[in-house]
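Protein sequence lines correspond, in order, to chains A and B. Numbered according to my numbering, the first sequence spans residues 1 to 374. Numbered according to my numbering, the second sequence spans residues 1 to 374.
Certain hints may be false.
All copies of an identical chain are treated as equivalent in the list; a pair is satisfied when it fits inside any one copy or across any two copies.
Once the Cα atoms are required to be at most 25 Å apart in a straight line, the calculated SDA-like pairs of lysine to any residue come out as [claimed, not checked]:
no.	residue 1	residue 2
1	330	28
2	330	244
3	153	48
4	153	50
5	339	43
To be clear, the hints were calculated from the coordinates, so they are not data collected in a lab.
Residue strings, one per chain:
There are 2 protein chains.
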Amino acid sequence: MTTPAPAGQRIVATYRFPPGVDPAREAEILAVGQTLGSHDARFPGREAALAACRAEVLEVQVCEHEGRARISFPAANTEHDLGTLLTMVFGKYSLAGPARLVDLDLPADLGTRPRFGIAGLRARLGVEGRALMMAIFKPALGLSAEDHATLLKTVADTELDLIKDDEILGDLDGAPTLARWRACRGVVEAIRDRRGREFLYAVNVTGRADTLLARARTLVQEGANALLLNVLVYGYPMLEALAADPAIGVPIIAHPAFAGALALAPDHGLDYALVLGRLMRRGGADIVLHPARFGSLPFDAGDEQRVIRALRGEDHDWPRVFPGPSAGIKPHIVPELLKDYGPDTVINAGSGVFDHPEGPRAALAAFFAALASP
Amino acid sequence: MTTPAPAGQRIVATYRFPPGVDPAREAEILAVGQTLGSHDARFPGREAALAACRAEVLEVQVCEHEGRARISFPAANTEHDLGTLLTMVFGKYSLAGPARLVDLDLPADLGTRPRFGIAGLRARLGVEGRALMMAIFKPALGLSAEDHATLLKTVADTELDLIKDDEILGDLDGAPTLARWRACRGVVEAIRDRRGREFLYAVNVTGRADTLLARARTLVQEGANALLLNVLVYGYPMLEALAADPAIGVPIIAHPAFAGALALAPDHGLDYALVLGRLMRRGGADIVLHPARFGSLPFDAGDEQRVIRALRGEDHDWPRVFPGPSAGIKPHIVPELLKDYGPDTVINAGSGVFDHPEGPRAALAAFFAALASP
Numbered sequence: 001m002t003t004p005a006p007a008g009q010r011i012v013a014t015y016r017f018p019p020g021v022d023p024a025r026e027a028e029i030l031a032v033g034q035t036l037g038s039h040d041a042r043f044p045g046r047e048a049a050l051a052a053c054r055a056e057v058l059e060v061q062v063c064e065h066e067g068r069a070r071i072s073f074p075a076a077n078t079e080h081d082l083g084t085l086l087t088m089v090f091g092k093y094s095l096a097g098p099a100r101l102v103d104l105d106l107p108a109d110l111g112t113r114p115r116f117g118i119a120g121l122r123a124r125l126g127v128e129g130r131a132l133m134m135a136i137f138k139p140a141l142g143l144s145a146e147d148h149a150t151l152l153k154t155v156a157d158t159e160l161d162l163i164k165d166d167e168i169l170g171d172l173d174g175a176p177t178l179a180r181w182r183a184c185r186g187v188v189e190a191i192r193d194r195r196g197r198e199f200l201y202a203v204n205v206t207g208r209a210d211t212l213l214a215r216a217r218t219l220v221q222e223g224a225n226a227l228l229l230n231v232l233v234y235g236y237p238m239l240e241a242l243a244a245d246p247a248i249g250v251p252i253i254a255h256p257a258f259a260g261a262l263a264l265a266p267d268h269g270l271d272y273a274l275v276l277g278r279l280m281r282r283g284g285a286d287i288v289l290h291p292a293r294f295g296s297l298p299f300d301a302g303d304e305q306r307v308i309r310a311l312r313g314e315d316h317d318w319p320r321v322f323p324g325p326s327a328g329i330k331p332h333i334v335p336e337l338l339k340d341y342g343p344d345t346v347i348n349a350g351s352g353v354f355d356h357p358e359g360p361r362a363a364l365a366a367f368f369a370a371l372a373s374p
Numbered sequence: 001m002t003t004p005a006p007a008g009q010r011i012v013a014t015y016r017f018p019p020g021v022d023p024a025r026e027a028e029i030l031a032v033g034q035t036l037g038s039h040d041a042r043f044p045g046r047e048a049a050l051a052a053c054r055a056e057v058l059e060v061q062v063c064e065h066e067g068r069a070r071i072s073f074p075a076a077n078t079e080h081d082l083g084t085l086l087t088m089v090f091g092k093y094s095l096a097g098p099a100r101l102v103d104l105d106l107p108a109d110l111g112t113r114p115r116f117g118i119a120g121l122r123a124r125l126g127v128e129g130r131a132l133m134m135a136i137f138k139p140a141l142g143l144s145a146e147d148h149a150t151l152l153k154t155v156a157d158t159e160l161d162l163i164k165d166d167e168i169l170g171d172l173d174g175a176p177t178l179a180r181w182r183a184c185r186g187v188v189e190a191i192r193d194r195r196g197r198e199f200l201y202a203v204n205v206t207g208r209a210d211t212l213l214a215r216a217r218t219l220v221q222e223g224a225n226a227l228l229l230n231v232l233v234y235g236y237p238m239l240e241a242l243a244a245d246p247a248i249g250v251p252i253i254a255h256p257a258f259a260g261a262l263a264l265a266p267d268h269g270l271d272y273a274l275v276l277g278r279l280m281r282r283g284g285a286d287i288v289l290h291p292a293r294f295g296s297l298p299f300d301a302g303d304e305q306r307v308i309r310a311l312r313g314e315d316h317d318w319p320r321v322f323p324g325p326s327a328g329i330k331p332h333i334v335p336e337l338l339k340d341y342g343p344d345t346v347i348n349a350g351s352g353v354f355d356h357p358e359g360p361r362a363a364l365a366a367f368f369a370a371l372a373s374p
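Okay, chain A solo, but in the shape it has when bound:
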């Protein structure tokens, strides 16, 4: 089955099929259908160009409970970005029947490099040797811009590293995006000045694609120092745009909203390690939020390990980025969590901070005590 890969950069995609699907047949459909799109293509004089575009079936495996196929695609079929990558490896084919994209080996230059990553974000925040602590404004909706500033003041004398909007909070009449930043800017800068190191507020950017890009640039012009993006709703190509834009240039926090629609079904879609791991890192996210098996959303320990590895391991020439375990994170689970995650982690808590029975300052004191525990 193995055929030598032609010259040139390659993209190797691995697919998993449930029992009853013939992986060898599917592999051939993928190799032609996701490249030339035509089994009988004839175009005089272009035979070599056509052959160069065709994918190669590298390997097919069948066992009792699953089948697998590895397909090698020419990277030259893409724009070396995530949009054309996804269209090629799982676009039309996603409609063809039960199959799951479980791995992607990518050329070294495919995607958009995170501007900060772990090293850059630590340098910007002036924090080494411990996990970062991030809070989420709660309640998510129903507060005015001034209410956000009031909430922020309650944690202004802590060592909190970052705060972010809830991902549901868009540009709403009650608390417009720019008004939130304007109301909070003075507090953010006062925190920075008091302790002599940066404090980041990741403002959620939303809207039609053109609106979102314009809003992100305006926020940064007005001093905003981090952005939050619901990557699976707005698309990896939007993440790449924010990460690449020299007029933006601030850390990008990727939220996993909608990721379950792509990754939670067992035999369809894409593995979490791609959706929240490799593709986020290759798209330019600096921190990637995701469920944690210690939290309130179901998350398999294997998925969690693979997501962390995709964000911080592998891909050794690409900036390492922070995993951000989220949802139901409370102080008492932090020691156990850190045993798995180690210090290159962003602890992200919303209700765990702002719904704490003794208030947010007490909550953060408990979180920082847990961070310091051996």
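Based on the hints, put chain B in the right spot on chain A.
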């Protein structure tokens, strides 16, 4: 269970759960978790504002093989666009366990109106009373820009209404996007001039979000008269941006690439009638391509009917848009297909035209004969 909906526009989302999931419990998680995000939210003086943001559980149904819940969300929690809509109704919750979003009742103004729809596209093309005929350049990759023009010339003396790029074809070195349009423009305009009615070439727009928007505007400045977008890869917010942009203003054809990753699993994700139906129409697409049960991709007859209804029925104050049955469409299946679809349909064929044993002109003659059959 029924509670009266508060004043103001509402969004009603219907979820389906597999056996073993308690729909009443999930409905409460949705109503709070996808709005306030906090069960214990306290914020003195803001109680009314907070209560106004909370969703209401309208109905919960349990039967042997499934559960259902209908939740009414305040439209004011969104920007009246698809990005904040999806984040609210299925963002974080998509990660929470097996659940499928199966219906959305939307306020009359939520989304971006298609600029053309069926009526506008018929007027632009000068075709009434029959289905439209669209071809796809094949092979999908490996041809130069000039090869595209050569292929287009082979069908220049037919009544073909539209042609489009294959969705895989991005801005590649061998046939850059703008070069394809420049090479084909003369042929496109010659077809128009010969027959005195428009001929549309939907150029595939790709790239990082900023690149894609700039490329779309440049293409239109240079005379391009239709665009193709892989909506599920680039995001509904990108579709809305293209449809709303006065500097673009050409028909938008939505491709279903990647839709299976969201819709094909039985108990997760979203129904095809949303992914390829309502959300595409509310996002501003003028033609929506999708599998057909007569074609080469698996597509359930019920899904097909619901997609067609979502595109052309319901939503009576919103422009009706064309369904475009695709993949494996050959002349001999057209009569049966039209019995189901009726004339407000775009017949979309790639291999069926350019791989026809007697050549593309003979293929189109067969397609038009089938279109004219009673």
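Hint by hint, here is what the structure shows:
1. Taking the closest pair of Cα atoms, residue 330 and residue 28 come within 25 Å of each other only across two copies (22 Å); inside a single copy the shortest separation is 49 Å, beyond that limit.
2. When the C-alpha separation of residue 330 and residue 244 is checked against a cutoff of 25 Å, the pair qualifies neither within a copy, at 34 Å, nor between copies, at 44 Å.
3. For the identical chains of this complex, residue 153 and residue 48 are inter-copy neighbours only, at 23 Å across copies versus 66 Å inside a copy, given an alpha-carbon limit of 25 Å.
4. For the homomeric pair residue 153 and residue 50, the shortest alpha-carbon distance between copies (20 Å) is at most 25 Å, but the shortest distance inside one copy (62 Å) is not.
5. Proximity of residue 339 to residue 43 under the C-alpha cut-off of 25 Å is found in neither arrangement, the shortest distances being 59 Å within a copy and 35 Å between copies.
Hints 2 and 5 from the earlier list are contradicted by this structure; the remaining hints agree with it.
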